[in-house]
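Enquirer: Chain order of the listed sequences is X and U.
For the first sequence, this note's numbering assigns the number 197 to the initial residue and increments by one for each residue that follows.
For the second sequence, this note's numbering assigns the number 946 to the initial residue and increments by one for each residue that follows.
Simulated from the structure, these hints should not be mistaken for lab results.
Be careful, since some hints might not be right.
To be verified - Calculated lysine-lysine pairs in the DSSO-like style (CA-CA distance at most 30 angstroms, straight line):
1) U:K1345 to U:K1485
2) X:K846 to U:K951
3) X:K706 to U:K951
What the hints assert, rightly or not - Label-pair ranges, simulated between beta-carbon atoms:
4) U:Q962 to X:T778: 38 to 44 angstroms
5) X:E499 to U:H1184: 32 to 38 angstroms
6) U:E1044 to X:N294: 40 to 46 angstroms
7) X:S796 to U:P1182: 50 to 56 angstroms
As the structure is a computational prediction, the values presented were derived from the model and not from experiment.
Every residue gets a Cβ at the ideal spot worked out from N, C-alpha and C, and that includes glycine.
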Amino acid sequence: MIQPVVDFIKKEMTLRSWKGPFTEELVQRPGDFGLGQLPDRLKPDATTTMICGFCATGCGLNIHLKNGQAINLTATTDYPVNLGMACPKGWEALTPLNAPDRATTPLLRNTSGELEPVSWEVAIRTFVTRMKGIQKKHGNESIAFMSTGQIPFEEMAFLGVLSKFGMQLIDGDANTRQCMATSVTAYKQSFGFDAPPYTYQDFEESDALIFIGANPCIAHPIMWQRVCRNKNNPEIIVIDPRKTETAVSATQHFALQPKSDLTLLYALANLLIQNGWIKEDYIEAHTTGFEGFKTHVAKFNLEMASKATGIAPDRILHLAKTIHEKKKVSFWWTMGVNQSHEATRTAQAIINLALMTGNIGRPGTGANSITGQCNAMGSRLFSNTTNLLGGHDFLNAEHRNKIAKIMNIHVDRIPQRNTLAFDQILDQIDAGKIKALWIIATNSAHSWIDQKRVLETFKKLDFVVVQDMYHNTESAQLAHLVLPAAGWGEKEGCFINSERRIGVIKNVRKAPGEALADFHIFRLIAQGWGLGEMFKSWTHPEAAFQILKKASAGQPCDITGIEDYAHIDREGGIQWPLAQGTKLESNQRRLFADGKYYTSDQRAIFHYENPRPMEEPTDSAYPFLLLTGRGNSSQWHTGSRTEKSAVLRKLSPRESYIEINPMDALEFEIKDQDWISVQSRRGEVKARAFLTQTVQRGQLFMPMHDITTNQLTHPSFDPYSRQPSYKCCAVRLTQNLPHLRPA
Amino acid sequence: MAEELKTLIDDLLEKQQLLTPVTRFSQKQESHLLPKQARYYQDLIPLSKPKQGEQYAFQVELDLCSGCKACVTACHSLNGLEEEEIWRNVGFLHAPAGEKPFQQTITTACHHCVDPGCLNGCPVDAYDKEEETGIVRHLDDQCIGCSYCVMKCPYDVPKYSEKKGIVRKCDMCHSRLSVGEAPACVQACPHEAIQIIIVDKEAIKNETKINQTIVPDAPLSSYTVPTTQYRSKKGLPTHLLAADRHQLKADQGHTPLAIMLVLTQASVGFIGIDLLARLMDWPISQPWSAVIAILLGVAGMISATLHLGQPLKAWRFFVGLRHSWLSREILAFSLYLPLLFLYTLWLWTPEMNFLPAELPTFLFKSTTGLILGGTTVFIGLIAVGTSIMIYHDTTKPLWKWSRSGIKFYGTALLLGVAGVVTSSWIENSTCTEAHTLLLQTWMAAGFLKLLFEIKFLRHVKSNSWSPDKRSALVQIKTLKFESGIRFFLGFIGGILIPLAILIAPQNEALFWISFHGFILLTAGEIFERSLFFKSVSSAKMPGTP
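With the rest of the complex left out, here is chain U (with noise of 0.2 angstroms):
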């Protein structure tokens, strides 16, 4: 008996591992000139190809959208992608208070811009808009995974994967196309509301003029205009409000990203206010502090390097440099970084003794120093401006070019005064006038941009949902203990502590007191940084709740 069930055991657990359906099932090996599915897609694609100044397009046919999501799964399964990418989402719209009872699901993947956000964005030219299709192709082995077009396109269709260090996007099944078989999504609807089809992209342009939008609460399609064509015989009701509009998910925080911005504008800013000091005379410079800004421009560089998914094929940078902001700052930070490292090399040469001293000090020793320094700061503050450019480009409002700028040029400005100050008093504990000035800027401008911050939190309030009321409400509702965290760093580093050494300068502690202050300063700008990227409201297509 107990034998008998052993080894009636053994013998199922060996056959649970036998797969028979080849031998036992007769197979349908019919050869097939067209595949199979041809039969249900062959009217949903052209016939021909596009001619001059047209392009294929998705169309997609919203009254015979259920929202059931095969196209999703299907560009998954039949594209290979990888276990949790998708080049397709399905969101939905529905009518606000007040309205009649109404929801229309919305199938969406990459819109083939006529100028696409992505290409543009790219440093590296990893994006190509083919000309005989208009298809626009992510080159995979080109990416160097910055993520930069994950920010530009405003339909959220690049996708990075953390594993792979590159972003992947929809190709519209190019090749599928390219020999008459239809893309995985038209294959695999079963209503048939996806199509491809030809359109003038002159035609597609003046159309951004009119609708200004591909779908209600859609981003503003006049910025890539992209070419989906969404149609409704029954016509959608207005007002319709995308389901997830109010959804207050922070976005991602992109840590190298932050510190990268944080330390390349302390650098600039030590090194301006060091040229600020050597040019006003003042008993503060020393050639510490440019040292030390070569340390916080290297490791801001380090740090961008390590937000990047393929960092040894970034070399290519400049490929872009005609219409990508990111290469721009590439190439801006990669001059700066080596004059800065001249001018300290300058810097130093005198304490050698390499040069006469007797040279007047207000030229700085000499012209050629003025020069160097000047231009190392110039170009600097150029390369913050690209940074700037590059998040002001993205047509994010949090990002617009006047928020950033006034929170980079102050991080620049905040950390580059409590820095040369801080650094002043390695070797020498004595607080002059000059540094009374210098406290009294650093306390003003910590507490300006702690303003600025603050200030922006009143449109929660605002009566009207906007996605600077969406940044706020993330910001003190889902970021709360972040945003908590950025304003106590802010206050202690960016106030208290100056005004504490303006009302007792003890001259044994100054530097600790001041190196304090400086650290949790920086620590609260890279917070500052990262709600920057945390609270940002992004354009999107309509999502689910």
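The shape of chain X in the complex, shown without the other chains (with noise of 0.2 angstroms):
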């Protein structure tokens, strides 16, 4: 009786508490596995491997199970991509699947225009029944959708060929029009096929590696690390109108005019050639329209180049030298390239650049294109989209033909044309053409080019159908009907990565309610659409798998070698191609060692074209132009996932900001963290402002994962490519307003 007492007021009554519950919480013990130390209740019962589903990197993940589900990850040691490391939204990839705002049930909008929850019979039979209405009413014209980056490649594949050979739609996009179309236009057209030729080892075996609208340290960390490894001392080299994370860590910056990349790129050709740093015999051997492009180029010369760059020319030329120099120069781009009014081209200006100075098909080389989603590649390959299933053309009836076989379908129920981009899309929406948009894991409403066009375009449809993680995003809430989907962490399938390696994710987690896997969600569509016999062997995603390797078959990017998901997770993730009786003999493979392309003569061909101004230059009305871009490693792009996570939030601004040249705000009485207004001829936004030498005069710097920034861009498009030119508008500061702040 009085033991317990005495003991409580001992315990109570030590001067010092060494222990007690707080500090057990985060006591250490080995947690096995190879992982070393975790707090207790943080120790797995057993570990699996899968890839991220934020962007291209395509990093491994090492995700802890407790009973199944999984409790905490981390980087995967051994994977060869990421080796072991991973950037912060890797590390919280678990985080966003516990958000609250989970749709757990499909949502129908009911009269009084409120979305409320149904019963998936319900929904799978409101969206049937409306969609068929539309169709019959209007033709298979009427009924469009939007696709992602971010879902397997199965699921992908499924919706693609569900809507397009079941469902007889024929225009279908994905969100991939918004980052990748530009690379996949450019490689077509200049390799004969949509195929970026490197391994991420090139990062460490290059001497130089030339960055072109690309900032790794802060869009793709995991790449910059493997940068960071090489050994050979090289020359980075940043061409970018900022002075961002990466340009400062280069050995050379080039602080370009914005969009004067095209003009840069023809003068170093020039350069190359008038110095004759060219390799002849690479040029000879492999490629075709040299001699039309020397003459192209001819023009471009060192002043003119200067000029329209704002870069000395002696700098420009210490470039060329250093590209003639270098035994092995990489030449990397991202969205500030693809991203643009005369994009395609500028791509395929810095592949002409690898391919004149014979630095391709080598390690430490290549006109390579860093991709943005975690499947942009698996939708390049397998949407079924702009390509037909397995990098394909709806244009060719030998195309159609085989993969009617494949699928065992009549090939009449192929579409013989191609889909129309979204922003065509759009416009066949106001014209009254388009009458329903089915919107499947992406936030068009949040991240297309000029915002306030789009909401206005949605309103005039009919129908809109949106399936996503959460029945909250800017997307949904115009919806007419939400189905709830399963996210990353909950299902099944393959993502393919920037160096074409495929990965396996796989259902560590419980859906929340009812949502579905996509997959799911596309049999059910299939079945109550009266499609399940067409679509009975597309069981689950491994199913579709087998069906697209044979899709892949005799294609540059046939998987007919890979066995299956188990084989991919034993490798470490398996990069196309890998055809049936070929050997994986290496981790890190890259294309074209033999010098042969994918054109049907296997050469490579000189795409080239006269720089256009850019559609919106600034003037005396507006005198400064908007970039945009990506703004810190814990974001992506709209949010819909990264904001979920309470670290991910700390880590990244809560207020929208712009950033200015200090010289630019001095002049328009702007003191630093000041509210300031922006406005462009199509939209006012509110801002805090931020001021930095990082952005030249003249120029300011909005991160896209601000819901305000699309409001003010202008809607550009690459010709070729249809993808938008995000970074760059004319926009002003209206007034000097620090009183300003949003309501």
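Both chains are given apart, each in its own frame, so use the hints to dock them into the complex.
Expert: Here's what the structure looks like:
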């Protein structure tokens, strides 16, 4: 009786408590599974590996499981992509699954205009009845869909074949239009196939790396890791109007004027030719069109380039010299190039430089497009949107026959024209031709260029279906029907990363409520539409994978040599191609070692064109050029997932901000942290001024993650890739309004 | 058809809940002597333990830090922190106008200081600087949640958790280090920018004399002698500025603390002025004053307790007496209140006719009373002094003793005078000469205190950026509403009402007018104290805009 009281008092009366419940919470003990020490409550009873679901780096994550459910994760130590490292988004990849605003039941807009929970049966029936109704009245071209680069390609493919071959839709685009369409077009035209030639090992093997419109420190931190592991003391050259984090780390930074990149690249080509710094034998043996290119670039002299770019002639010459002198030069580009009004030709100007200097097909070289989304590369091959399944061509009868055979359908079910791009789909909605839109795992109401127009256009639709993890994305708020989707970590399938590496994702979490994997949702729609028979072999993602393997047979992206998911898992991802019967010799494979390209004559083609002025240049009314881009490494696109993590929120700005050069700020009497008003011809937004030298005079920068940014952007597009030119539009600072704050 | 769809829905909903990876994919169950990541980090931690006079320290290669923030999230995940809790952060420095464009990201966690501010401030010794490693550890079960370490640390390291009611912080993964594993941040940095090294404490101390800060625009190192080594082979340009230096975010308000300070100071002022009145033999003093002083003091202490996350553990406050002003404050007020109680009891005794009434009044009826009253007021004034020192000791310019001194003693004087005058009219509504004198004092003190606070705002106009300029800007921009209320209340309660009474000392409503003045004045002081907390400019590591 007395003892417990004494004990209690003794315990409470220690002058210093070294132990207790709070201390215990953090005490670490061996976590096993090669993980080192971990807090007790986070000790796993099993682990499994899968690919991260944010960007196209495609990092391997080691998922810590307890009773089959993921409780934590670390980066996979021996995965050939990320070598034990991950960026903050990867570390926090599980957190967005727990968000309270997950969509847990289908939601249907009722007569009073509110989204109301309904059963799956009602949801599918509504989907089918409304869509079929519209289709019957207005034809196959009255329904379009907008897909994504964020779901496994088995799901993309199911969507693609269900909608086009089954439901007989023709127009279905994906948000990859916003990030990679340019690279696709450029590679296809130049190489004969959409084939990024590199492997990440090239980052480590180059002796010069040239980044054009890319900021890997922020956008692809793990690729930057690979650059930092380069032991050749490489020249790191950054071509970017801003002094980005990457530019600071570079050995040479060219802060060129926005949209002068094409001129610069042609001038570099000209310099290389003039000085005889080219590989004539390679050009001769493996390319076509060089003579025309040579003539074309002849007029791009140093003086002209210097004037256009704002970079001193001797520095441009030095850059050309660097390209010449270094033995292994790799060229890397991303959205700074892809999102432009002349993007395709710019990407090809980079490809041309690699071709003419023989910097391709060898370790540490290449004209390499860094991809954005985790499965943009999967979308490019298997989504059946821009390309016919497996990197085929809708316009090619032979291809249609091949796919019809594999799919076991009549060839007439395959559309004979290409899909409209999303900007054209919007035009068709405005024209009253498209009446229904089905949006899958993307948030166009936030991310598409010239946002106000998008919102107005969406209102004209009779039926909008949004299929997403969250019921409250900007796009879901406009939907008539919301289909609750399971997310990354709650389903199976494959992603393809930037270096063509196929990796597996697994179901390590139970989806909340009645949320279903997109694959399952497509099965339900197929069943409801009366297409159950046609898609009866599409039972689960791995079954679809086997079908897609067949579709890839004989293509540059042939993956018939991959057995199954377990094979991919075992090998630490497998890069395409791997045709049946070939041995997987290395985990770091690059293309074109033999100089043979995928064109009919196996030669790469020089493409070129005169630069065009940007579509909305600055003028006296709108004197500033607004640049946009990734603002920081802890935010992903529209934030529908990253905003769900408290930690990632802490690591990213909570208010709209705009970067402005201090000298411009002085002129407009703007002080650091003042609220200012930014206006374009399309909208007005308010943001805090951040005075920084990293932007040049006359230029402003806003991060793309900010919902307001696209109210300002100008809807101009590359004519070949139809990719929006997000990165330049004319704006003005309406006035100095330090007292202004967003309502 | 309908049936088929229904069956399929049920089937798929069921399938969706199955978790298959463990059974479907073979597990590579190798037993590892070392954790797998060791291959990357084994060169990033020291092979040996620190020797006498040495300790562990973080070393950051700035040229390698790209600002990816993996360190922050890895620390969060591998240490099992709360959802929003982070022990590391990443900010950046950039070049000011006129210089060449430049930016440098800075990853920062606890600097495991040689002379830790958190440890020195902690009233209950919930911090321990490990003898062997020099790691500054926080004893989570010892913590009373007073947040004083949060104010003391110039690097914004200890983080208070509302949910837990305690502070937690980086412990350099001491447990991992003890078995030869690297801290989470070291394990996770893709660029191997963070490592653990052994430093000589004396050398670090001397270093603070040469390099005043560990990175540009960081707090002065001399205060706590931080050990983290930031290195750059390329060299950082001079004059770099923290990206968030112009941010005007208000700090926490600490309402219970603001109330505690104002009420305890009012209590001391009350009993002090009352004592003065007794000494001067003014017809003002009366036993109610002492009772009100007790009520104010007790209310203040209760409010202080509300501020604590773990009030039941606060009895250990005396443990830190040798170094913590907070310990000393608690001690001082713990002496003051019982004394005040005794004194009050004594004051009430003659009312109850326990003692002969013919003792000379100037001696307060007895020397015992004088000694008791005097000691009470003296200890009270010392207690207010310890409050001042608590804030002064944080080295924040807004809180230096000359400023908090005027504010805290000003509050005591102002509320003491106003309170004693008011309570003298509880039973008797006459305005004597002594009343006039005190009313004039009330008005003058009210005016001077407001003037002192308004004068501070002149820093807004200063050409160069300073903590004072920032504080002043926070007051007039970010907190313009609160500041407005503060000056309005101070003007009405501190100037207008005593003036009104002086002009027209109506007999009937004297108490009520004065009482309202006192209440408005007290409210005004609480707002003043809230601004004191919210507008403080704390030195910190560079953040993000």
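Enquirer: Take the hints in turn and mark each one as holding or not.
Expert: These are the hints, each one checked on the structure:
1. U:K1345 to U:K1485: holds (17 angstroms)
2. X:K846 to U:K951: Answer violated: K846 of chain X to K951 of chain U is near 44 angstroms, above 30 angstroms.
3. X:K706 to U:K951: It holds: about 21 angstroms lies between the C-alpha atoms, which stays within 30 angstroms.
4. U:Q962 to X:T778: 38 to 44 angstroms: holds (39 angstroms)
5. X:E499 to U:H1184: 32 to 38 angstroms: holds (36 angstroms)
6. U:E1044 to X:N294: 40 to 46 angstroms: Hint holds: Cβ distance 45 angstroms, inside 40 to 46 angstroms.
7. X:S796 to U:P1182: 50 to 56 angstroms: At 55 angstroms between Cβs, range holds.
In summary, the structure is inconsistent with hint 2 from the numbered list given earlier, while agreeing with all the others.
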